[in-house]
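Spelled out, the chains give:
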Amino acid sequence: MAFRWTNDLRPEDVTPEAVFMNRRQLIGGLAAGTILGSTGMAQAQEALEPNSWEDITTYCNFYEFGTGKDDPAKYASSLVTDPWSVTIDGLVDRPGDYSLGDILSQMTVEERLYRFRCVEAWSMVVPWNGFELADLLELAGVQSGAKYVAFETAYRPKEMPGTLFPVLDWPYVEGLRLDEAMHPLTIMATGLYGKPLPNQNGAPLRLVVPWKYGFKSIKSVVKITLTDTQPPTSWNKANPREYGFYSNVNPNVDHPRWSQASERAIGGGLFARRKPTLMYNGYEEEVAGLYDGMDLSKNF
Amino acid sequence: MTAWTCRKTSKSDAIRKELLFMVDQINATLRRIPTWLVYVLLLLPAPYFLYLGATGGLGVEPINALERKLGEVALQLIVFGLTVTPLKRWAGLNLQKFRRAIGIMAFAYAAMHLLVWLVLDVQILSQIFADLVKRPYITVGLAGFLLLVPLALTSNNVSVKKLGPKWRVLHRLTYVAAILGAAHYVMLAKGFQIEPLIYLGLILGLLALRRVPKSKSRRRAVA
Numbered sequence: 001m002a003f004r005w006t007n008d009l010r011p012e013d014v015t016p017e018a019v020f021m022n023r024r025q026l027i028g029g030l031a032a033g034t035i036l037g038s039t040g041m042a043q044a045q046e047a048l049e050p051n052s053w054e055d056i057t058t059y060c061n062f063y064e065f066g067t068g069k070d071d072p073a074k075y076a077s078s079l080v081t082d083p084w085s086v087t088i089d090g091l092v093d094r095p096g097d098y099s100l101g102d103i104l105s106q107m108t109v110e111e112r113l114y115r116f117r118c119v120e121a122w123s124m125v126v127p128w129n130g131f132e133l134a135d136l137l138e139l140a141g142v143q144s145g146a147k148y149v150a151f152e153t154a155y156r157p158k159e160m161p162g163t164l165f166p167v168l169d170w171p172y173v174e175g176l177r178l179d180e181a182m183h184p185l186t187i188m189a190t191g192l193y194g195k196p197l198p199n200q201n202g203a204p205l206r207l208v209v210p211w212k213y214g215f216k217s218i219k220s221v222v223k224i225t226l227t228d229t230q231p232p233t234s235w236n237k238a239n240p241r242e243y244g245f246y247s248n249v250n251p252n253v254d255h256p257r258w259s260q261a262s263e264r265a266i267g268g269g270l271f272a273r274r275k276p277t278l279m280y281n282g283y284e285e286e287v288a289g290l291y292d293g294m295d296l297s298k299n300f
Numbered sequence: 001m002t003a004w005t006c007r008k009t010s011k012s013d014a015i016r017k018e019l020l021f022m023v024d025q026i027n028a029t030l031r032r033i034p035t036w037l038v039y040v041l042l043l044l045p046a047p048y049f050l051y052l053g054a055t056g057g058l059g060v061e062p063i064n065a066l067e068r069k070l071g072e073v074a075l076q077l078i079v080f081g082l083t084v085t086p087l088k089r090w091a092g093l094n095l096q097k098f099r100r101a102i103g104i105m106a107f108a109y110a111a112m113h114l115l116v117w118l119v120l121d122v123q124i125l126s127q128i129f130a131d132l133v134k135r136p137y138i139t140v141g142l143a144g145f146l147l148l149v150p151l152a153l154t155s156n157n158v159s160v161k162k163l164g165p166k167w168r169v170l171h172r173l174t175y176v177a178a179i180l181g182a183a184h185y186v187m188l189a190k191g192f193q194i195e196p197l198i199y200l201g202l203i204l205g206l207l208a209l210r211r212v213p214k215s216k217s218r219r220r221a222v223a
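If you read the protein sequences in the order shown, they are chains A and B.
Going by the numbering used here, the residue at position 227 of the first sequence is 227; the numbering climbs one at a time, nothing skipped.
Going by the numbering used here, the residue at position 20 of the second sequence is 20; the numbering climbs one at a time, nothing skipped.
FYI, nobody ran anything at the bench for these hints, they're computed from the structure.
Treat the hints with care, as some may be off.
[Claimed, not checked] Pairs of lysine-lysine residues, derived as DSSO-like cross-links and limited to a Cα-Cα distance of at most 30 Å, are as follows:
id	chain 1	residue 1	chain 2	residue 2
1	A	K275	B	K190
2	A	K237	B	K190
3	A	K158	A	K237
Chain A extracted, bound-state conformation (with noise of 0.2 Å):
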């Protein structure tokens, strides 16, 4: 099932996935169609450059290690990433550990240059390496009850210095949608410009669904599990109100503290401008179709 999905920011696709974007928006009846179209041409071409390898692992939230922002840079070398198992239980065919070593011999590494959209109203582009994380749940054996699918980052006190403060309830957990968790755009990382991942990005293996907000793609994973019921999400349990369980990128839904309307672009220095958001950051035509019928003011 690997390369299912393939790179859109290249710059022979950049004028048609702009003419595209623009056509589909203006018969979709968006309101604000034409200026959409018009942003997401310019978004698409400034997208193209994928950001430094500074800007992505110095630039980090991994609240493991500090709420600073440079805090996982500094700290996180404290974290052993070999050896490395994921538990994956639940409804699945196969439960059990399974070894890192053992995932990566049976998984096809590609690279997918992503954009990156933080809650905060920030971006970046980033070049990850990695395998579809349908194909490892597959390895698994999805049972046919399964609706979700739960996250859990590692919790290691003496690693990670800043769990020593009950800054979110640890460990940090996240869930995705069964449909959410297997579309091809969802892959699980191990590298990023073809070098193996940064403990501060999540090492040794971690989550990018890059429709969502970034605090989606949990770092570091150890545990996935297969579930009927929709799971706990850290961010929603420290407030409910801020952060829901899909937390699709939507710059038409503000977060209560800040407008999602906009971002700023990492690397543009102290006069960077800001740019327009795009609706699920630009993924709107691989995956609008998730939630078709659903009330995304009410399911944030």
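Starting from the known structure of chain A, arrange chain B on it as the hints suggest.
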């Protein structure tokens, strides 16, 4: 009844004399420091932060970092300003001479913090207005800043003379502004974070000290 009301031993008397001597010496040193120097010293971090921001010293996202640094200094100066009275009362330390400089510089940092937010951070005028109305932490922060405006405007000898006893009453707005400033920080933090709560705790504590009846402070100062 308690130890401090008992007869004092000669040893504790000696320590007390030593401490008083030290405080006197510090006060004598403080008297020699010209106030303009305090203005200059307190202003120095601002161009330094700007330099860091422009040269990558504040990380790959300097706008938010600069905004945050300026806001933190403003809060620190507000806390510093609130310690002047308790330090005089409980330790005999004489910092009153610098209180105006501390207050005006706190206002200056709050103004720079606001300016960075307006010009570098949000940029978009319609979004600025929306944020001011819809985001409580921004409304609270701006309210705190607006309260500082009349205080900065009346922080001069002419105003003190002109307003007379009303000046003191007006400048109690500092207390409200301080609480609003700390609340602004607490409200913008994600999750449960300690640092903003420390600022709020310090400010509330320093304000509470002002409520301690005079007689108690005198007794403790004697002890």
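Hints and how they fare:
1. A:K275 to B:K190: holds (23 Å)
2. A:K237 to B:K190: The hint holds at about 13 Å.
3. A:K158 to A:K237: Status holds; Cα separation ~24 Å.
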